[in-house]
Amino acid sequence: MKKICLTIVGLYLGLLTAFSQTTQKDTSTYKNRKLKLEEVNLVSSYYQQDGDHAAVTGGTGSQHLTNLSGSIDVKLSKRDNKNRKHSFIFDIGVDHYTSASTDKINPATISSASRNDTRIYPSLSWSVENENKGTTFGAGASYSREVDYFAHGASVNFAAKTKDRSGEFSINAQVYLDKVKLIRPIELRDGNPIPGDGDNNGYAPRNSYSTSLSYAQIINQRLQVMFLMDLVYQKGYLGLPFHRVYLTDNSVHIEHLPDRRFKMPLGFRANYFLGDKFIIRSFYRYYQDDWGLKAHTFDLETAIKLTPFFSVTPFYRFYTQQAIDYFAPYEAHTVADTYFTSNYDLSRFDSHFLGAGIKFTPPKGILGNPHFNMIEVRYGHYNRTNDLSSNVVSMNLRFK
Amino acid sequence: MKQKRSPRSFCALLLMAGCLFIGNSCKTVKEYQKSKLNDAEMSLSSRKVEKPELNFQSYREGASGANTGKLGGGCGCN
Chain S
53 MKKICLTIVG
63 LYLGLLTAFS
73 QTTQKDTSTY
83 KNRKLKLEEV
93 NLVSSYYQQD
103 GDHAAVTGGT
113 GSQHLTNLSG
123 SIDVKLSKRD
133 NKNRKHSFIF
143 DIGVDHYTSA
153 STDKINPATI
163 SSASRNDTRI
173 YPSLSWSVEN
183 ENKGTTFGAG
193 ASYSREVDYF
203 AHGASVNFAA
213 KTKDRSGEFS
223 INAQVYLDKV
233 KLIRPIELRD
243 GNPIPGDGDN
253 NGYAPRNSYS
263 TSLSYAQIIN
273 QRLQVMFLMD
283 LVYQKGYLGL
293 PFHRVYLTDN
303 SVHIEHLPDR
313 RFKMPLGFRA
323 NYFLGDKFII
333 RSFYRYYQDD
343 WGLKAHTFDL
353 ETAIKLTPFF
363 SVTPFYRFYT
373 QQAIDYFAPY
383 EAHTVADTYF
393 TSNYDLSRFD
403 SHFLGAGIKF
413 TPPKGILGNP
423 HFNMIEVRYG
433 HYNRTNDLSS
443 NVVSMNLRFK
Chain W
167 MKQKRSPRSF
177 CALLLMAGCL
187 FIGNSCKTVK
197 EYQKSKLNDA
207 EMSLSSRKVE
217 KPELNFQSYR
227 EGASGANTGK
237 LGGGCGCN
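Chains as they are written, first to last, in the working numbering: chain S, 53 to 452; chain W, 167 to 244.
Incorrect hints may appear among the rest.
As the list claims (entries may be wrong) - Here are the computed distance ranges between Cβ atoms for each label pair:
1. W/S201 with S/V364: 17 to 23 Å
2. W/K200 with S/N259: 40 to 46 Å
3. S/G186 with W/S201: 17 to 23 Å
4. W/L220 with S/L89: 53 to 59 Å
5. W/S201 with S/T214: 16 to 22 Å
6. S/P366 with W/Q199: 24 to 30 Å
7. S/T300 with W/L220: 25 to 31 Å
What the hints assert, rightly or not - Negatives, chain S to chain W, calculated, CB over 10 Å:
8. G243
9. D341
10. A347
11. T365
12. T386
As the list claims (entries may be wrong) - Covered by chain W, per the in silico footprint, the following chain S stretches (three or more residues, Cβ under 8 Å):
13. 88-98
14. 274-281
15. 306-318
16. 395-409
Hints in this document: simulated from the structure, not taken from any laboratory.
In this text the structure is predicted, and so the values were computed from the model without any measurement.
Glycine is no exception: its CB is placed at the ideal position from the N, C-alpha and C atoms.
Using the sequences provided together with the hints, build the complete structure.
Here you go:
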């Protein structure tokens with residue numbers, strides 16, 4: 053934990069030093085095609101939650117959890133001899149969390165497998181933009197590792213602007229090939245394979261294939277909108293092996309869910325510049341999947357420009373979902389049920405997320421450093437109607 | 167007998183209404199008229215500072231996606 057904090061502080065100081073030297077302006081007509089540093093973003097956050105329906109203990113028990121995260125992304129760009137712009141983004145993030153419920157996988161031990169865990173997730177992406185044609189093509193790869201979960205991802209994307217440059221269509225295809233380590237609750241380690249672990253090798257696959265389509269359109273000088281649609285198909289072990297389910301006869305089992313899931317979220321965004329000081333951002337999403345979950349999300353935030361360089365952004369988000377067909381609370385499932393879970397993330401609930409952010413972009417830079425050009429801090433309080441609440445504070449520092 | 171309207175038909179209606187609205191009200195905006203649209207706060211994609219929020223929401227809620235974020239990978243085990 054201390055190491056992570058020191059690493060993040062070290063990265064901040066390193067960047068401040070790296071940007072503290074100014075370069076001389078190029079006044080010649082020569083077009084620089086060398087790779088140049090466009091921007092560096094540091095994002096860190098602290099998340100803390102409390103609740104009484106932990107899935108590890110069958111829908112009862114503490115959900116206390118804290119998560120400290122830090123990530124850095126570096127964007128580089130260069131022009132090729134056809135004057136197309138190539139962008140490269142390298143991103144690496146680290147999460148460190150503590151979880152009270154995960155400690156109940158084996159309550160007899162002082163600290164079980166993921167009582168404390170660290171997740172590392174690097175990614176790399178490349179894109180090439182042809183400004184004359186209005187097209188962009190890109191590809192990316194990602195990796196994520198934690199004690200009981202490994203993910204490998206790849207993506208390709210393409211975007212094309214309309215002739216008058218007022219609309220843009222984009223398509224993004226992603227694949228994630230994940231592996232779940234089958235850590236069972238201590239009382240259920242009987243040696244029998246878990247469904248999905250036919251080879252009994254201790255791991256089960258979980259693959260996700262998705263396509264995202266979007267269309268953005270400028271309506272007038274103050275309004276732009278975007279339609280979004282994702283098609284997601286998941287296959288493999290989609291439950292978690294340490295989630296307990298207690299049946300009506302008081303017997304305990306491992307959560308069991310179907311091995312396929314098809315999801316379809318549809319989204320709509322509209323941003324409007326009102327007067328000279330207010331920017332209204334709105335978002336609506338309808339979601340449906342073949343496990344019986346339907347959900348609506350409404351999000352509204354207003355950026356208020358108190359000065360050209362300082363803005364305050366209050367926001368509110370409302371979310372409502374129906375339960376999946378396979379959810380029931382503690383000791384409510386029967387032996388006749390084929391699929392069962394007591395994970396309250398998949399139950400019926402509403403949630404409210406309320407907070408505010410501040411953003412500071414002084415023309416001479418922060419702390420007098422012209423390269424350190426933006427700081428944004430945001431806080432939100434989240435409340436779910438099934439007794440879960442959380443707080444999250446996040447910060448973005450940008451160097452250009 | 168009164169028929170109940172399904173969420174799917176409601177979404178189709180909303181989409182059609184949106185297309186009609188866009189079709190009728192779009193104006194060609196020239197580059198020099200885009201000063202407000204080019205403001206960083208007007209971006210239609212999620213901002214970097216929102217990433218941790220989108221991350222926890224995708225774990226704590228059954229629905230995810232359609233917000234230009236990632237659609238898989240990562241456990242959300244806790």
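To see whether the hints hold, each was checked on the structure:
For W/S201 paired with S/V364, a C-beta distance near 21 Å keeps the hint of 17 to 23 Å intact. With their beta carbons about 41 Å apart, W/K200 and S/N259 fall inside the hinted range of 40 to 46 Å. Under the hint 17 to 23 Å, the C-beta atoms of S/G186 and W/S201, about 20 Å apart, fit the expected range. The beta-carbon spacing between W/L220 and S/L89, approximately 26 Å, falls outside the hinted interval of 53 to 59 Å.
Checked against the hint of 16 to 22 Å, the pair W/S201 and S/T214 passes, with Cβ atoms roughly 21 Å apart. Distance hint check for S/P366 and W/Q199: the Cβ-Cβ separation is about 29 Å, which falls inside the suggested range of 24 to 30 Å. One distance hint, 25 to 31 Å for the beta-carbon pair S/T300 and W/L220, is violated here, with the actual separation near 38 Å. The beta carbon of S/G243 sits about 23 Å from the closest Cβ of chain W, which is more than 10 Å, so the claim that it is off the interface holds.
Taking the minimum C-beta to C-beta distance to chain W, about 8 Å, the non-interface status of S/D341 is violated against the 10 Å cut. Remark: the non-interface label on S/A347 conflicts with the geometry, its nearest Cβ contact in chain W lying 4 Å away (cut-off 10 Å). Here S/T365 does not stay apart from chain W, with its beta-carbon only about 8 Å from theirs, under the 10 Å limit. Annotated as non-interface, S/T386 keeps its C-beta farther than 10 Å from every C-beta of chain W; the closest such distance is 23 Å.
Using a Cβ-Cβ cut-off of 8 Å, 3 residues of the segment 88-98 of chain S lie near chain W, which meets the minimum of three, so the contact claim holds. Given a C-beta distance limit of less than 8 Å, the hint that chain W covers the segment 274-281 of chain S holds, as 7 residues qualify and 3 suffice. Taking a C-beta to C-beta cut-off of 8 Å, the segment 306-318 of chain S contributes 3 residues in contact with chain W, enough for the three needed, and the coverage statement holds. Interface restraint, the segment 395-409 of chain S with chain W: holds (5 residues with C-beta to C-beta distance below 8 Å; minimum three).
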